[in-house]
Amino acid sequence: MATKILLENIEAPGLATFDCYRKLGGYASVEKALKSLSPDSITQEVLKSGLRGRGGAGFPTGMKWNFIDKKSDKPHYFICNFDESEPGTFKDRHIGQLNPHQLIEGMILGSYALGARSAYIYIRGELFYVLNIIEKAIDEAYQKGFLGENIMGSGYSLDLYCQPGGGAYICGEETALIESLEGKRGNPRIKPPFPALVGLYNCPTVVNNVETIANLPWIINHGADAYAALGTLKSKGTKLISACGHINKPGIYEIELGLPVEEFIYSDEYCGGIRNGNQLKAVVAGGSSVPILPAELILKTAKGEPRLLSYESLEEGGFQTGTMLGSGGFIVMDHTACIVKNLLTFARFYHHESCGQCSPCREGTGWMEKILRRIEAGKGSMKEIDLLADIAKHIDGTTICPLGDAAAWPVSSAIRHFRSEFEEHIIQQKCPFTK
Amino acid sequence: MQNEHTTIEFPPETLALVNRIIKRYPEGRQKSALLPLLHIAQSENKGWLSTEMMDYVAILLDIQPIEVYEVASFYSMFNLEPVGNCLIEVCQTGPCWLCGAEEILAHFEKRLGIKSGETTADGRFSLKTVECLAACGNAPVIQVGTDYHENLNIQKVDELLDTWQAENKNSHSNPYL
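Here the protein sequences come in this chain order: C and A.
Residue numbering for the first sequence follows our numbering, beginning at 633 and increasing consecutively.
Residue numbering for the second sequence follows our numbering, beginning at 172 and increasing consecutively.
Keep in mind the hints are simulated off the structure, nothing from the lab.
All C-beta atoms, glycine included, are put in the ideal place defined by N, C-alpha and C.
Please note: incorrect hints may appear among the correct ones.
[Stated by the list, open to error] Sample of chain C residues at the chain A side, in silico, Cβ under 10 Å:
{"no.": "1", "residue": "E716"}
{"no.": "2", "residue": "E718"}
{"no.": "3", "residue": "G757"}
{"no.": "4", "residue": "Y774"}
{"no.": "5", "residue": "G777"}
{"no.": "6", "residue": "H878"}
{"no.": "7", "residue": "N974"}
[Said to hold, decoys possible] Some, not all, of what chain C presents toward chain A, calculated at C-beta under 10 Å:
{"no.": "8", "residue": "N764"}
{"no.": "9", "residue": "G787"}
{"no.": "10", "residue": "D791"}
{"no.": "11", "residue": "Y793"}
{"no.": "12", "residue": "K816"}
{"no.": "13", "residue": "R817"}
{"no.": "14", "residue": "L832"}
{"no.": "15", "residue": "A875"}
{"no.": "16", "residue": "H967"}
{"no.": "17", "residue": "H984"}
{"no.": "18", "residue": "E1053"}
{"no.": "19", "residue": "E1055"}
Turn these sequences into a full structure, and let the hints guide you.
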C-alpha cells in the first residue's frame, strides 16, 4: 500500500472537526515539537527531508526557511499561500475543505520554526466557503489550546488568521501576495530583497504553499529520513496531482513521486484512461504555464525512457522535449481537442491576470491573445505563427515576476509541438475541429 | 462610525465584524483589512461598490479614498457597476472549456436572454465569464455568491435556473456570515 501523507484520512467523516482529526492522531507533531524540539532542529529536519515547494516552483522548503533573517529584532511572519489559481490545479482546495486541521497543524510547526507569533492563510476570495471552514477549525484550535497564548504550557504563543483575496491569479506570486495582504494592488515586488529579509510589513517572512505546509506534521512525526525514503533521488515524498480534462476519472491523487506517467493516465487506480476510449493527444502536466507535450513525449522521454511523475523526469530534455512538474495540475487532452483553442483560453487567462507593471507582459499577453483569436477563427496568416513565437520569446525572462514566463511557455511549446495544427487553421480558414 | 462625506453606515453586527477583522493586523497596519472589508461592503450594497461605499470603507480604515479605488479596480471580484440580484459567474478557462463550458455559457445566455456581461431587464440576473475557479476536476464549473456548482450539464443549468427564478435568488449575502 502506497504511503499517503496528505490524503490518508481524507474520507473520514467529520475530518474537518477537531475531535475527529485529533482522534486520528492530529496535532501529535505540535506536542512533540513544542515539548522536545528546538525551532532550528525543525528547520534542519525539513531541510533533510528534501521537501520542495508544492506551489509550482519546487524550491527546497528547508533552504527557504534558512534564509530568514534570524538576527532581525522585527517580528517574523509565516504565510500560507492558498491563492490556488493556476488553471488545472485544484489540490489545495481539497485539503482546506476536507482537512483544515492538517494545514493548521503545519502552520503551527512552521511558525514555531521561524519564530513567528502571527501567521496568515491567504486564500483566494472565490474560495470564501473554504475560508469559513478553515476559520471554524482555527476557532476550535484556539479553544483546545493549540493556538493563542502559551500553547500547551510551552511559552510559545501564536495567532493565526485567514485573509481572503479579491480575485487575482498574480497574488499567488509571493511578493504580490504580501502586497495584497498589506491591502494593496497585487503588484509583485522587485527581488532582491527576498521576503525572508524584507517581507510582510518589511519584516522577515516566509510564504509556503498549502500542500507544502500540510506535509510538515508527517515529517516531524515520522522523521526526515522516512520522508526522504519516499520518491526519487531529486523528488522526495509524495505529491498531489490534480487530474482533469478528457480522462475517465478526474480528481485529486496522491502519488509517490516517480510514478510512471503512463500508469497514472491509464491505471484504474488513477485517471482510468482516456474518455470514450479516445486517443491521448497531449498533456499539460504541471498547471497551464508548463510546456504542453504531445502523447509520445509525455509517455516517454526523447531518449525512449518511461516518463515519470518527478521533477527531474518531467524536465528531461529541457523545453525542447520536456516540461515541468509545476503545481501538479495535470490537464489531459484527447484527439478531439483543438490545441489552438485551448491555448487561446490560456492566453486570454494570462492577459486577464497580468498586473500591468512590466511592458513585455502587459502588452505581449494581449497581443498574443489577439493573434490567437484570429488564427483560431481562421483569419490568421502563416507569418503570424512566427510572430507569436517571437512575442513569447521576448516576454520570457524579461519581467519582474514569473507570470511573463508562464504566459510565454504555453505558446512557444504549442507552436513547437503542434505547428501543423496552427497551419491547418490558416489553410482551412476555420478551426478544423468545429463540426 | 459617523462621518461627514457619506450617509452610509453598516449595521452594528457588521461593524462588530469589521472591528474584529481590523484587530488581526498590527497597530497601524489596519489597511491590511481592505480586501475583507471590500467583500463585506459589496455585500452590503447589492453586490457592487459605489464611490460612496468605497469612501465609507476609506473612513473605516482611516486611509485615503484613492487607496480604496486603486485596490477595488485591480481585483476581479469587485464590481464597480451595479449587478443583478443574482450574479452567475461562468468559468471559461482551458479545463472547463475542454469539458463544455461554452455550451453551458450559451445555455445561460439563451435562457436569460442576455449576453455575458449583461443584466436582465428586471434586474434579477447578471451573467459574467470568469477565469479559472480552481475546481477543474469537476468541470464545467460556475460560481454564484460563495457557492460553487460543479459537473454542470444543460439539465443541471435548467434546474438551477428554475430554482433561482422561483426563490428570487440573491447572491450578495455577507460571505463571512
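In rising order, the numbers of the hints this structure does not comply with: Checked against the structure, the hints that fail are numbers 4, 5, 9, 16, 18, 19, while the rest are satisfied.
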